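Engineer: The lines below spell out each chain.
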Amino acid sequence: MSEPVLRVKDLRTQFHTRAGILKAVDGVSFEVGRGRILGLVGESGSGKSVTGYSILGLIEAPGEVAGGQVLLNGQDLTKLKGEAIRRVRGAQVAMVFQDPMMTLNPVLKIGTQMIAAVRAHDRVSRKVAWTRARDALAKVGIPSPEERLDAYPHQLSGGMRQRVAIAIALLHNPAVIIADEPTTALDVSIQGQILAEVRRLADETGTAFVWVTHDLAVVSSLADDICVMYAGRVVETGAAADVIAAPRHPYTAGLLASVPAEHEPGTRLPQVPGSTPSLANLPPGCAFAPRCFRAGPACTTTPPVQDFGDGRTALCHYPIETDKCQPLSSTSTTYRSAS
Amino acid sequence: MSSSPAISAPAETRWVRLGNFWSDFKQSPVAVAALIVIVSVVLMAVLAPLVAPQDPYNQQTLDLFDARLEPGEVGSGGYVHWLGTDAAGRDVYSAILYGLRTSLIVGVMAGTFALVLGATVGLIAAYYGGRIEAIIMRVIDLQLSLPAILLALVLVAMLGQGLPQLVTALVAAQYAYFARTTHGAASAERRKDYIEAALSTPLPARQVLFRHLLPNALPPLIVVATVQVANSIALEATLSFLGLGLPLTQPSLGSLISNGFQFLLSGRYWISIYPGIALMLTVVAINLVGDQVRHVLNPRRSR
Amino acid sequence: MIGFLIQRILQALLVIIAMSIIVFLGVYAIGNPIDVMIDPASDQALREALIHRYGLDRPLIEQYFIFMNNMLHGDLGESFIYRLPVLSLIWSRFPATLELALTAMMIATCLGIPLGLWAGYKPDSLSARAIMAFSVLGFSVPTFWVGLLLIMMFAVELGWLPSGGRGPVTNVLGMPLSITSLEGWSYIILPAFNLALFKLGLLIRLTRAGTIEVMSSDYVRFARAQGLSESKVVGLHVLKNISIPIVTVFGLELGSTLAFAVVTETVFNWPGMGKLIIDSITVLDRPVMVAYLILVVFLFVVINLVVDLIYGQLDPRIRVKAAS
Chain R
1 MSEPVLRVKD
11 LRTQFHTRAG
21 ILKAVDGVSF
31 EVGRGRILGL
41 VGESGSGKSV
51 TGYSILGLIE
61 APGEVAGGQV
71 LLNGQDLTKL
81 KGEAIRRVRG
91 AQVAMVFQDP
101 MMTLNPVLKI
111 GTQMIAAVRA
121 HDRVSRKVAW
131 TRARDALAKV
141 GIPSPEERLD
151 AYPHQLSGGM
161 RQRVAIAIAL
171 LHNPAVIIAD
181 EPTTALDVSI
191 QGQILAEVRR
201 LADETGTAFV
211 WVTHDLAVVS
221 SLADDICVMY
231 AGRVVETGAA
241 ADVIAAPRHP
251 YTAGLLASVP
261 AEHEPGTRLP
271 QVPGSTPSLA
281 NLPPGCAFAP
291 RCFRAGPACT
301 TTPPVQDFGD
311 GRTALCHYPI
321 ETDKCQPLSS
331 TSTTYRSAS
Chain V
1 MSSSPAISAP
11 AETRWVRLGN
21 FWSDFKQSPV
31 AVAALIVIVS
41 VVLMAVLAPL
51 VAPQDPYNQQ
61 TLDLFDARLE
71 PGEVGSGGYV
81 HWLGTDAAGR
91 DVYSAILYGL
101 RTSLIVGVMA
111 GTFALVLGAT
121 VGLIAAYYGG
131 RIEAIIMRVI
141 DLQLSLPAIL
151 LALVLVAMLG
161 QGLPQLVTAL
171 VAAQYAYFAR
181 TTHGAASAER
191 RKDYIEAALS
201 TPLPARQVLF
211 RHLLPNALPP
221 LIVVATVQVA
231 NSIALEATLS
241 FLGLGLPLTQ
251 PSLGSLISNG
261 FQFLLSGRYW
271 ISIYPGIALM
281 LTVVAINLVG
291 DQVRHVLNPR
301 RSR
Chain Z
1 MIGFLIQRIL
11 QALLVIIAMS
21 IIVFLGVYAI
31 GNPIDVMIDP
41 ASDQALREAL
51 IHRYGLDRPL
61 IEQYFIFMNN
71 MLHGDLGESF
81 IYRLPVLSLI
91 WSRFPATLEL
101 ALTAMMIATC
111 LGIPLGLWAG
121 YKPDSLSARA
131 IMAFSVLGFS
141 VPTFWVGLLL
151 IMMFAVELGW
161 LPSGGRGPVT
171 NVLGMPLSIT
181 SLEGWSYIIL
191 PAFNLALFKL
201 GLLIRLTRAG
211 TIEVMSSDYV
221 RFARAQGLSE
231 SKVVGLHVLK
241 NISIPIVTVF
251 GLELGSTLAF
261 AVVTETVFNW
271 PGMGKLIIDS
281 ITVLDRPVMV
291 AYLILVVFLF
301 VVINLVVDLI
311 YGQLDPRIRV
321 KAAS
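Chains as they are written, first to last, in UniProt numbering: chain R, 1 to 339; chain V, 1 to 303; chain Z, 1 to 324.
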């Protein structure tokens, strides 16, 4: 892999609440290379979205980035404050949010919002900004972009709005785009179109993507690499194809087993038993242990990072061995009996 | 099962809910202080004949010789006039206690009648729907677009002066707030499926009205009622100040302030200012409590 | 759009007619005004002549139609007390009230929006709490009482400003105004501030609530992620979003400010329409009362209409609904 554009090292984000300190992101590390797409996977509450916000310094009180580094081409973004971090946002690292209905201001025209985004970083005339906005819309495959610039968000469909959001993210040709579940709120067919568009953009422009999602099906068709999060920690990393073919961490295996496409129709879909633990009340040692079918006595202590080479790691005392790996269907049987 | 709706809340949970309400309410020390002010004001008003050194409206106890004494001076009665006396020799402190009585009676009466009338009108509109609802709400909206002071002014002008006339004017000027609040909450509930289901059974209509629609409108109504009592008191004081409220034989805080206004410019501030402070404390305290109640009852507030 | 406009204008007309009936009947239900106007000792013939002159011997319905007919010709009757045409009487007082109300609205806006923005931008700061406490005082303490305090403070104790009256006026476009001279300002500033307090409290709360809502929205987060500066976020997103409720309230409150001027004008002895109506009510000068009330209702309806139209222009979502 070429030199990574974005390297997150031991990132820690905490929220100070009445119930105590919640470690929403607890020592997360990963890296993304130029033009590559990293799938950041986890259930809701796993800290994947907070990771995205932490990278851009968008965590607001009572939350704070308590430690670690976010290196963008070697520069640590966590050290930047005020105007310095503002210059990074949107220009070098951009973001796309989950709900396209909410991310555009309903009372401002698309054009107004895009022109503001252009002029946030480049001192150009409104006319030049308008032209760049139009070109950006065209680039993400929006038909008749001039008319769209003059429209209000509610006059556009959800898929179209998300394309606008992606176009805004692309305005300054950022090195990295963090996409926080951007297709979750969309129809499956529109989701497919947008995923294809993103893959094309990553290849053509060299922009790296951090694609935050809970949907492994999306990741398997889009991402180059995968980073699975659970309760604020990275539990498994590796190349997307490898992880999906042979997960090392029991949690990843459980997630994979619950993807409908992998399952025989007519039988009950296996699911990971239990639910995401509350961050305020994490068990000692491995946070996944209470839901894990492989849990053993060692799991009450903090699990080690097991390195399998080729960027494959798992945070587990008892990782699934590749050669002894059970077929997925039998893994799922284990889950069903456990529930 | 948390998903199945409770048919009716047992008494026990009601107490628990009240306890929760109180523990949420006391989160704000300002609101607690305001509540203490309200309780003491009410106590003082109720106990006025026992607490006041003088019956300010018994002409025999008044002595013109005592007129316009400064605060702290001792009058012919042999006791200290802590807040001074007015032009007729009335002890201002006693007058305030009795004035508070009148103001509170007017405020609570107007608030209660407006609540009953407004809630009824709002419920009728929400329950019947259709054209009846459209007409009622149109009238309510129109009334709400006119300031209450204007309506009260017209009505007082039409009806003349006196306690019943004043209360009528205040109710007529304020019931619309209750009507709209009730209608808003009740009609949102009315559209829910379970009300349709209840209506399709041979249950009497009033059961639906009182068991389902009214309880849902209660929390916002309580908030509006608190604020409207304060508004009634303030509005009454304003009308009395303008000379259109209660006569001086039955003075409220507003008439006391009005009575002292002419002396203000000559430096005899106490005749107006102390009744004014009593008025301000009462009205602000009620509003602060209302604010906190609104905050606690707000369903959108994160628990 | 035209259909919408016509519909709204018809509605407004209906409201004015309904209100004129209510006001007319209501006000004319009060005791005999003739008793107020003439010496009780005067003879019956004079009484009857007067009753006849003012048309008070005719049936109420007829009186109403005569009144409406006259009103359409711009004649709202003659004051029993001043013996002047009511319309010119009210009109002569109108500039004073309008000037007072507009100055008050200006004060409320210039102070209320920045204070509300700040209180909403940093809702937990000490200054924001102080602003909110002030706003609670602003709309819960009765206007007349604050007026008294202002007079006591600035006129009696400090002696900086006059305690009442209007001061010198200059004619601007045929309207006598006092805001054209410094001395005029010394007269208007206290009553205008007094009248502004209620709106100020309201505007602070409204602006704050709107600001908090917009600041916590996804689109502000998105705007920040695009690298928009905080001043741009507030200036573009927050101001545009809160402008809708604020313009609505501003418009609607202009009417109620005119009505609330009744109190302030009495406290500060300001010679406007409000002072006129209070004086007329105390002496039962019915033509003035009826004319004033109908004019105020008319003003209200017109203002509501204008606000509705502006609202549609500001909020694209409403505009689409109206068009379809």
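Keep in mind the hints are simulated off the structure, nothing from the lab.
Hints may contain errors.
As the list claims (entries may be wrong) - Calculated cross-link-like contacts (lysine to any residue; reagent style SDA-like; alpha-carbon spacing at most 20 angstroms):
1. Lys232(Z) <-> Arg126(R)
2. Lys122(Z) <-> Ala61(R)
3. Lys79(R) <-> Ala175(R)
4. Lys122(Z) <-> Ile303(Z)
5. Lys9(R) <-> Ser258(R)
6. Lys127(R) <-> Lys232(Z)
7. Lys109(R) <-> Leu252(Z)
The model shown is predicted, which means the values in this text are computed figures rather than measured ones.
Engineer: Each hint: holds or not?
Structural biologist: Results for each hint:
1. Pair hint lysine 232(Z) plus arginine 126(R) holds up; C-alpha atoms about 15 angstroms apart against a cutoff of 20 angstroms.
2. Proposed proximity of lysine 122(Z) and alanine 61(R) is supported: the alpha carbons are some 11 angstroms apart, at most 20 angstroms.
3. For the hint pairing lysine 79(R) with alanine 175(R), the CA-to-CA distance comes to about 19 angstroms; that is within 20 angstroms, so the pair holds.
4. For the hint linking lysine 122(Z) to isoleucine 303(Z), the alpha-carbon distance of about 34 angstroms lies beyond 20 angstroms, and the restraint is violated.
5. At roughly 30 angstroms between alpha-carbon atoms, lysine 9(R) and serine 258(R) are farther apart than 20 angstroms, so this suggested pair is violated.
6. Taking the CA atoms of lysine 127(R) and lysine 232(Z), the gap is about 19 angstroms. The hint holds against a cut of 20 angstroms.
7. Note on lysine 109(R) and leucine 252(Z): the hinted pairing is violated, with a Cα-Cα distance of about 27 angstroms set against a maximum of 20 angstroms.
When held up to the earlier numbered hints, the structure conflicts with 4, 5, 7 and fits the remainder.
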